[in-house]
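Asks: Sequence:
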Amino acid sequence: MPEGLVRVELTESAGSLLRSLIRRHGPVMFHQSGGCCDGSAPMCYPVGEFRVGASDVLLGHVGDETPFWMSADQYEYWKHTFLTVDVVPGWGSGFSLEAPDGVRFLIRSRLLNDEEYAKLVAEPLRTGADSTE
Numbered sequence: 001m002p003e004g005l006v007r008v009e010l011t012e013s014a015g016s017l018l019r020s021l022i023r024r025h026g027p028v029m030f031h032q033s034g035g036c037c038d039g040s041a042p043m044c045y046p047v048g049e050f051r052v053g054a055s056d057v058l059l060g061h062v063g064d065e066t067p068f069w070m071s072a073d074q075y076e077y078w079k080h081t082f083l084t085v086d087v088v089p090g091w092g093s094g095f096s097l098e099a100p101d102g103v104r105f106l107i108r109s110r111l112l113n114d115e116e117y118a119k120l121v122a123e124p125l126r127t128g129a130d131s132t133e
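For the sequence shown, position 64 matches number 64 in our numbering, and the numbering has no gaps at all.
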């Protein structure tokens, strides 16, 4: 990801939930696939319990260096957007760590402006093929 270009962030409530999940489960990561499990909601997993694919795109890190990955197909739809991870009451997917708490992570988005998008396309994407995470 281009230096200085932030692509994803947390709301205060999502940050609080993320810190709680890390205290309980150790280091975690996000992955958003757009697949069948809870639509396009970001899924939170303990590090090492989800294998990032070679074509998955690293959008950045949130909270205390928690990686946020997105599938390549989903990235094609969302590459023009800035993402904010939020949390709302309700039952999401049973696969994501927050599910037993009766809440779920979700994405809020806005389009990148022209300057942000120019920074984005100026640098190559970091993918799972490049990752040691």
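If you are wondering where the hints come from, they were derived from the structure by calculation, not from laboratory data. Quantities reported herein were computed from a predicted structural model and do not represent experimental measurements. Incorrect hints may have been included.
[As the list claims (entries may be wrong)] DEER-style ranges, computed between Cβ atoms:
| hint | residue 1 | residue 2 | range |
| --- | --- | --- | --- |
| 1 | D130 | D73 | 13 to 21 angstroms |
| 2 | D73 | L111 | 13 to 21 angstroms |
| 3 | L111 | P46 | 13 to 21 angstroms |
| 4 | E76 | S131 | 13 to 21 angstroms |
| 5 | E123 | D73 | 16 to 24 angstroms |
| 6 | K119 | E76 | 17 to 25 angstroms |
| 7 | G102 | P46 | 29 to 37 angstroms |
| 8 | S16 | D130 | 16 to 24 angstroms |
| 9 | T11 | W91 | 14 to 22 angstroms |
| 10 | E115 | R24 | 17 to 25 angstroms |
| 11 | V47 | A72 | 19 to 27 angstroms |
| 12 | H80 | R23 | 33 to 41 angstroms |
| 13 | S16 | E49 | 34 to 42 angstroms |
| 14 | D73 | S20 | 27 to 35 angstroms |
All C-beta atoms in this analysis are idealised placements derived from N, C-alpha and C, irrespective of residue type, glycine included.
Asks: Would you mind marking each hint as holding or not holding in the structure?
Replies: Now for the hints, and whether the structure bears them out:
{"no.": "1", "hint": "D130 <-> D73: 13 to 21 angstroms", "verdict": "holds (18 angstroms)"}
{"no.": "2", "hint": "D73 <-> L111: 13 to 21 angstroms", "verdict": "holds (19 angstroms)"}
{"no.": "3", "hint": "L111 <-> P46: 13 to 21 angstroms", "verdict": "violated (33 angstroms)"}
{"no.": "4", "hint": "E76 <-> S131: 13 to 21 angstroms", "verdict": "holds (19 angstroms)"}
{"no.": "5", "hint": "E123 <-> D73: 16 to 24 angstroms", "verdict": "holds (21 angstroms)"}
{"no.": "6", "hint": "K119 <-> E76: 17 to 25 angstroms", "verdict": "holds (19 angstroms)"}
{"no.": "7", "hint": "G102 <-> P46: 29 to 37 angstroms", "verdict": "violated (20 angstroms)"}
{"no.": "8", "hint": "S16 <-> D130: 16 to 24 angstroms", "verdict": "violated (31 angstroms)"}
{"no.": "9", "hint": "T11 <-> W91: 14 to 22 angstroms", "verdict": "holds (19 angstroms)"}
{"no.": "10", "hint": "E115 <-> R24: 17 to 25 angstroms", "verdict": "violated (39 angstroms)"}
{"no.": "11", "hint": "V47 <-> A72: 19 to 27 angstroms", "verdict": "holds (21 angstroms)"}
{"no.": "12", "hint": "H80 <-> R23: 33 to 41 angstroms", "verdict": "holds (35 angstroms)"}
{"no.": "13", "hint": "S16 <-> E49: 34 to 42 angstroms", "verdict": "violated (22 angstroms)"}
{"no.": "14", "hint": "D73 <-> S20: 27 to 35 angstroms", "verdict": "holds (31 angstroms)"}
Hints 3, 7, 8, 10 and 13 from the earlier list are contradicted by this structure; the remaining hints agree with it.
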